[in-house]
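Chains A and B supply the protein sequences, listed in that same order. Using my numbering, read the first sequence as starting at 1 and increasing by one per residue. Using my numbering, read the second sequence as starting at 1001 and increasing by one per residue.
Since the hints were derived computationally from the structure, they do not count as laboratory data. Some hints could be false.
The calculated DSBU-like cross-link candidates involving lysine-lysine, where the alpha carbons are at most 35 Å apart (straight line), are [stated by the list, open to error]:
| # | chain 1 | residue 1 | chain 2 | residue 2 |
| --- | --- | --- | --- | --- |
| 1 | A | 148 | B | 1174 |
| 2 | B | 1174 | A | 91 |
| 3 | B | 1297 | A | 126 |
| 4 | A | 83 | B | 1174 |
| 5 | B | 1174 | A | 126 |
| 6 | A | 37 | A | 91 |
| 7 | A | 37 | A | 248 |
| 8 | A | 124 | B | 1297 |
| 9 | A | 124 | B | 1174 |
| 10 | A | 148 | B | 1297 |
| 11 | A | 91 | B | 1275 |
Part of the chain B face toward chain A, derived, beta carbon under 10 Å [unchecked claim]:
| # | residue |
| --- | --- |
| 12 | 1177 |
| 13 | 1178 |
| 14 | 1184 |
| 15 | 1188 |
| 16 | 1197 |
Every value quoted in this text rests on a predicted model; they were computed, and no experiment measured them. Every residue, glycine too, gets a C-beta built ideally from N, C-alpha and C.
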Amino acid sequence: MTANGSDVSVIPHAAASSAHLEVEDVVSGYGQIMAIKGITLRVDTGEIVALIGANGAGKSTTLRTVSGLLRPRSGRITFEGQKLDSVAPHKIVARGISHVPEGRAIFSQLSVRENLEMGAFQRKDKGGIAEDMERVAVIFPRLRERMKQDGGTLSGGEQQMLAIGRALMARPRLLLLDEPSMGLSPVLVETIFNTIIDINRAGTTILLVEQNASMALQIASRGYVLESGTIAMEATAAELRASDRVRKTYLGES
Amino acid sequence: MEQWIQLTIDGITLGGVYACIALGYTLVYGVLRMINFAHGELFMMGAFAGVYTLQGFQDHTSLNEDLPSLTITAAIFMGIVVAVVLAVLMERIAYRPLRHAPRLAPLISAIGVSIFLRNVMLRYTNARREVYPDVFPDGSIEIGDVSVSYIKLFLIGMSILFMVGLYLFIQRTKTGTAIRAVAEDRDTAALMGIDVDRTIVLTFVAGAALAGATGVCYGMYVGNAAAGMGFIPGIKAFTAAVLGGIGSVPGAMLGGYFLGLSEAYTTKLFGAQYKDVVAFVLLVAVLIFRPWGFLGKREDRRA
Ligand SMILES: Nc1ncnc2c1ncn2[C@@H]1O[C@H](COP(=O)(O)OP(=O)(O)OP(=O)(O)O)[C@@H](O)[C@H]1O
Ligand SMILES: [Mg+2]
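Extracted from the complex, chain A is given alone in its bound form (with noise of 0.2 Å):
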C-alpha cells in the first residue's frame, strides 16, 4: 500500500472484533459553529485508536459529542450496539465510556481522594471501589503520598494521573483521553504514555486525542487524521506513521 499524500485507506480489520464505539456522520459544534462536519469513525474492543489533528481540527469537540457534553446535530453514535446520541452525560458514564478531558480538568478545591471518589460516583460497590482506588495508587504511587492533599496543589504531571486515575474509578470499557502529554516533560510523556498501554492490556478500549502524533501512533493500532472537522485520513497506525503527509504535518519531519 503507498501512503501518500492523497491516499486514504480503509483497514479491513478482523471479522472477530466487534465494534466497540461507531460515530457515523456526525456533525457537531458550539452554537452557529460546526465544529465537526460528519465524522465517522470507529473504536473495536480492544484497541487504541489515535485521533491527531492540528490545533482547532474539532480533535476535542468529538471527544465531547461522544461523552455527551455536547449534542450531535445529526448523525449516529451508538456503544456496543447502543444508541448514545441524546443520552445525558452522567448516563453515558454508566454505560462504560469514561472521558478525561483537555487540560485535566481536576477538581481543585476536593482532595485527590474526593477526585477519585467522584470518579466512581456512580457505583455502590464499596469494596469495589476501595480495591480500585488501590489500583490506582499502585499505578501512580506519587497520588498515594497525596491523597489527602486538594487536587489543585498537584503538579501538571500529578493532576494527568489524577485525572487518569479518576476515569478509571468508574471501571469504563471505553477510555476517552484528550491530549495526555499536554504541557508533560518527556520523561513524564513516556510514564504516561507506558501506563495507558498498561491500562489498555488490563482489557479497556481506548481512543486517544494527541497532538503529539508520533507518541499516539506508536502505541495506537489505527489512526485518523482529522481536519477542519472531516476526517483526512484513516489508517494503521504504521501506515500513518509511514505516510508523507502524516510526517510532514504531524510528525514535524521534512
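Chain A is already provided as a structure; the job is to place chain B with the ligands on it using the hints.
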C-alpha cells in the same frame, strides 16, 4: 462591661440566624452563579409552617404543655418540609427554564418569586401576624450579672447545630462532595457520572432546609410570623454572604456572625436607628475594597 457581654450575646444570636440564611445564598450561588432573591421568603414560609403546626397542636391537643420538645421538633420539621417543597418548585418553575438565558433573567425571576410568596402570605393572613403559642419555657440563666433567656440560648444553639449539620453534609457526604464538584466545574462533574440537574436541586434543598428550620426557631424567638419577616433578614443574610465571600461556606458563617456583632455594637455606640445602616455600609465597603469577601475566591470579572 455586662452591657458589652449582653451585646455580644445579642450579636451572636442574630448572627447565627444571618449565617444560617446566608448559607443558602452561598450554596446556590456556588452551583448556579445566581443570587436566589427568594431565599428570605423560604425562611418566612418556614416560620409560618412552624406557627401553624404549633397552633394546630394548641387547638387539638395538650401536647404543647405536656411534651413541648415533641411539638417544637414537629414544628421545625414542618418548617423544613415546606421550605424544601417550595425550593424544589421554584428551581423547577422559575430558574431551570432560564438556565441558559442571560444572567439577569433568573435574577429577575427570583425577585418575582419573592414578591409572589410574600403577597400570597399577606393575603392568606390578611396582613396580620400569626402569634406563636407559648410553648417554650420562660426564664433565663444568669451568668454573673448577665442574664440570657432560654429561648435565646435555644436560638444560638440551634443555629450552631444547623450549621454544623450543613457543614458535615457538604464536607463529608458523597452528595455534598458532588455539590462542591458541580460548583467548581459543571461539565467535568457530569463526566464523573454526577447528575448535575439533580445535584442543583439538592443544593436548593439543603439551603431551604436550613432556612425553613431557622425560620421556625426565629419565629419562636420573636413570638410571631409575618409575611414581611423574610425581607430584612434575607437582605442582611445576603450581605453576610457577600461579606464572607459568596460561594464560600465558612465565609457565610463568618459573615453572618460578623454582621450580627457589628449590628449589636452599632446599637450601643451610635444608637439603634443606625442598626440597619451598618449592614449596608459594610456591604458597600466590601464591594469597593474586597469584592470577593473575607474568604471568597478572587474570580475573573464576568459579564
Ligand atoms: N466552547 C466553544 N465555543 C465556540 N467554539 C468553540 C468552542 N470550543 C471549540 N470551539 C471551536 O471549535 C473548533 C474545534 O475545536 P476543538 O476544541 O474541537 O479543536 P481541537 O482539535 O481539540 O484543538 P486543540 O488541539 O487546540 O485542542 C475550533 O475552531 C474552536 O475554535
Ligand atoms: Mg482539543
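Quick rundown of the hints versus the structure:
no.: 1; hint: 148/A - 1174/B; in the structure: 16 Å, holds
no.: 2; hint: 1174/B - 91/A; in the structure: 18 Å, holds
no.: 3; hint: 1297/B - 126/A; in the structure: 34 Å, holds
no.: 4; hint: 83/A - 1174/B; in the structure: 30 Å, holds
no.: 5; hint: 1174/B - 126/A; in the structure: 12 Å, holds
no.: 6; hint: 37/A - 91/A; in the structure: 25 Å, holds
no.: 7; hint: 37/A - 248/A; in the structure: 24 Å, holds
no.: 8; hint: 124/A - 1297/B; in the structure: 33 Å, holds
no.: 9; hint: 124/A - 1174/B; in the structure: 11 Å, holds
no.: 10; hint: 148/A - 1297/B; in the structure: 21 Å, holds
no.: 11; hint: 91/A - 1275/B; in the structure: 52 Å, violated
no.: 12; hint: 1177; in the structure: 5 Å, holds
no.: 13; hint: 1178; in the structure: 7 Å, holds
no.: 14; hint: 1184; in the structure: 5 Å, holds
no.: 15; hint: 1188; in the structure: 4 Å, holds
no.: 16; hint: 1197; in the structure: 9 Å, holds
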